[in-house]
Amino acid sequence: MDTVKLFDKRVELYEKYRPGYPLEVISVLENEFGFNPTMDVADIGSGTGKLSKIFVQNENLVFGVEPNSKMRKIAEKNLKGYYNFISVDGRAEATTLADSSVDVITVAQAFQWFDSAKAQTEFRRILRANGYAVIIWNERKNTANPFSKALAKLIKTLKIDKTLLSEESAKEENLKKFFKTKYLKMQSLNNSQLLDFNGLKGRLLSSSYTPLEGEMNKKVISELKEIFEKYNENGKVKIEYKTKIYTGILS
Numbered sequence: 011m012d013t014v015k016l017f018d019k020r021v022e023l024y025e026k027y028r029p030g031y032p033l034e035v036i037s038v039l040e041n042e043f044g045f046n047p048t049m050d051v052a053d054i055g056s057g058t059g060k061l062s063k064i065f066v067q068n069e070n071l072v073f074g075v076e077p078n079s080k081m082r083k084i085a086e087k088n089l090k091g092y093y094n095f096i097s098v099d100g101r102a103e104a105t106t107l108a109d110s111s112v113d114v115i116t117v118a119q120a121f122q123w124f125d126s127a128k129a130q131t132e133f134r135r136i137l138r139a140n141g142y143a144v145i146i147w148n149e150r151k152n153t154a155n156p157f158s159k160a161l162a163k164l165i166k167t168l169k170i171d172k173t174l175l176s177e178e179s180a181k182e183e184n185l186k187k188f189f190k191t192k193y194l195k196m197q198s199l200n201n202s203q204l205l206d207f208n209g210l211k212g213r214l215l216s217s218s219y220t221p222l223e224g225e226m227n228k229k230v231i232s233e234l235k236e237i238f239e240k241y242n243e244n245g246k247v248k249i250e251y252k253t254k255i256y257t258g259i260l261s
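In my numbering, each residue carries its 1-based index in the sequence shown increased by 10.
Pair ranges (Cβ atoms, derived):
(1) 162 x 246: 10 to 20 Å
(2) 218 x 126: 17 to 27 Å
(3) 204 x 168: 16 to 26 Å
In short, the hints are calculated from the structure, not lab data.
It should be emphasised that the depicted structure is a prediction, and the values quoted were computed from it without experimental measurement.
Backbone N, C-alpha and C define an ideal beta-carbon position, used for all residues, glycine too.
Could you build the full structure based on these sequences and the hints that come with them?
Here it is in structure tokens:
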């Protein structure tokens, strides 16, 4: 599977319909290890810049490392007004960044795509002494309410490689193997999206496991419409997320 090109046909959907990240992420990192605007950040698998944005707004120097050219171009467009955002054509296993060049590495919604052993070696190379890695996921609350349960049930009908799901890669034992350290802390924040039907459809289609065409696509969208009609309030439904934030030291 060419994971770099996996989202080529979904880039616009991804940018428009995927949730962002709460600004409180910054506060969590401040409290956890004294994160501040003088620290340089490498946002690995930065995509369209959804996480990078909150760090550049915090006045950190951010290297947005992204191998997918279409996503990278959107990030460059979205963040072109920020002098402190540097777009980098690279990947987790070969960032192209200099040795000991950043204080913090962030990864949002992308850890499952990495070769973890090679990424671990690369992360150690580019981190300065006492540097941290921060791995973040927006994870749907599948049992938050009847709508969430119905949506989760629909998604389960799709043929999905479970190893590529965030809830699989976000399991703490997988992250402990990556960090190889006793220090690994998880904190979480609430996050949500309020969507009309087009937004809900776009959100589902932005996921790599949802078919973009064919009979399965028609079936899924038809069932999604039924769910929306049943649970919407004033033409909107709310997807609730838990934004999981893992901080650790690579040792």
